[in-house]
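S.K.: Just so you know, the sequences run in chain order A and B. So the first sequence is numbered by the working numbering: it starts at 1 and just counts up by one. So the second sequence is numbered by the working numbering: it starts at 1001 and just counts up by one.
Among the clues, some could well be false.
Over the 10 Å line for every Cβ pair with chain B, so calculated as not near, a few chain A residues [unchecked claim]:
1) Gly72
2) Cys87
3) Ala152
4) Ile208
5) Val220
FRET-style restraints, in silico, Cβ to Cβ [unchecked claim]:
6) B:Gly1186 <-> A:Leu71: 41 to 47 Å
7) B:Gly1196 <-> A:Met105: 34 to 40 Å
8) A:Ile183 <-> B:Ile1095: 34 to 40 Å
9) A:His126 <-> B:Gly1054: 32 to 38 Å
10) B:Leu1085 <-> A:Trp9: 18 to 24 Å
11) A:Gly40 <-> B:Met1104: 43 to 49 Å
12) A:Leu157 <-> B:Ala1289: 33 to 39 Å
What the hints contain is simulated information worked out from the structure, not anything from laboratory work. The beta carbon of each residue, even a glycine, is placed where N, CA and C say it ideally should be.
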Amino acid sequence: MKYLSRAFWLLAGGTFLFPLYWMIAMSLKSKSEAYDNPFGVPRSWDWQNFSEALSKYPFFSYLENSLIYTLGTIALTLATGSMLAYCLSRMKWRFNAAALFYVSMGLIVPIEVVVIPLFQLIKLLHLKNSYLGLILPYSGFAMASCVLMLYAFLRSLPKELEEAACMDGANVYQTFFKIILPIVMPALVTQCVLLFMRIWNEFPLAFIIAAKDRFRPLTVGLLNFFVNVGVSDWGMIGAAMLLSSLPVIVVYLAGNEKIEQALTAGAILK
Amino acid sequence: MRRKWRKHDVSMAGYLYIAPWLAGFFLLTVWPMIQSAYFSFTDYSLLESARWVGLRNFKQIFTDDASFVHSLKATLLFVVLSVPLKLAAALLIAIVLNKKLRGMHFYRAVIYFPSLIGASVAVAILWNNVFGINGLVNQLLSLFHVEGQNWIGTPSTALGTLIVLAVWQFGSSMVIFLAGLKQIPGEFYEAAAVDGAGRARTFFQVTLPLLSPIILFNLVLQTIGSFQMFTQAFIITKGGPVESTYMYALMLFDKAFAHFQMGYASALAWILLLIIAVVTALIFATSRAWVHYETEGR
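Okay, chain A solo, but in the shape it has when bound (with noise of 0.2 Å):
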């Protein structure tokens, strides 16, 4: 019973990690050897596949774009997220409870709903092909969660936060800007590493808006590069899916606890 459990484990462990396998495996193997051994070991190892994917696949320029769109998209939601969180939470305001209300309804709203207008307002302001074109629906769909995350952790600090901050002569400004943000600091890098999980894999959007390859960040350039170099060369798609996922791995590794307790704090609010 307990060497069958444990092969069950085994196996469930083993169907996780194999796109990983795969990939890796992939990446080693020549043109011939990834045809007539798709899925085994690698008899011999072949590092060209790095250096041909790296030549024919824009790697740096979608990375690097990848990284804009991420970036960009966090410090803005995290900057304007954090301010509207703080108001609500922490100001008496007489629309407070409706501008919470909107926030949440934003959890729900699909994008394919706004998908049209957006795409014209993002052509009507020459935004189409450039990193703010994305940048900006990102940030606005990022928001809900963001906000709503940080409003709980906010309403939970006691308020005498401020009234010490106000004794000791620091305005308002000061108090959110060196008091209240380093307090929070924990849930901001939570919603970094979440941020960053979602808009790196995020497809659609990216899509249809970063229609020039030289904008296009890492998921569609991988789909672009697939569909052009065809089923012909694996270990070539191979090396160029691996060098594409690898990002998310690693901020995965260092802030998986991160995520754990952000995905649980969504659960608690609700």
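Based on the hints, put chain B in the right spot on chain A.
M.R.: Same frame as chain A, but now just chain B:
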């Protein structure tokens, strides 16, 4: 010494803090929604300007659009099958992982891995290789002398491969369940053990009720997400064969950005929003019967 800032300063700061969001939210959500509602009553295409056509789009969708019927069927099937299976897998694994075992951190990282890259283009490409005619599944089947088939190219099994892919990414639901399980006080289980409840009874009468708010949260989140499934269908099956995996978001995308029927697609988008709203409301309405909230203060 003052203990409070002047009221004027505070409200000034408040408006400054809210302004960027207010502008952004209006520009990126409210205005597009109003426009999309308007477009749904027009024959707007990218090439020509919008002309009011009243309810024609909706009429055509409901009476004269076979693709709409196919995609609604595929999407509902996908949601109804993938969400419960995914939550069941997530709950099962969470219960197993809730024990204190050596290397738990490693197991959790491994199990989360599909959720990490499962939505990516790379895994979609991989899926084609696993379920294709010469794919891994068929190679494994041939070991047992079972003849496989092209799972992705057959109408009756194509949707199944997408459901398997969705269920496989149960990691984030599982992490949430795990957090919920940790919050259940041990004394409940001790009491159940004293009463002589077996494992099954303890699960159904202690774990499930106490976890029900978390189940509701995961259910709503996954349901909304599944209705919007796009990337995998777009890359793996392209909606085929014979529209058996023509997910709603994919059809909407085709209408808008391949056929440029923006007005028609806007009508489709609003129907999707209404469906999601109704389903979410239904889940919340039934939740009163099965979600157990602890009322006494602790």
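S.K.: Taking the earlier hints as the rules, which of them does this structure contradict?
M.R.: 2, 4, 5, 7 and 11
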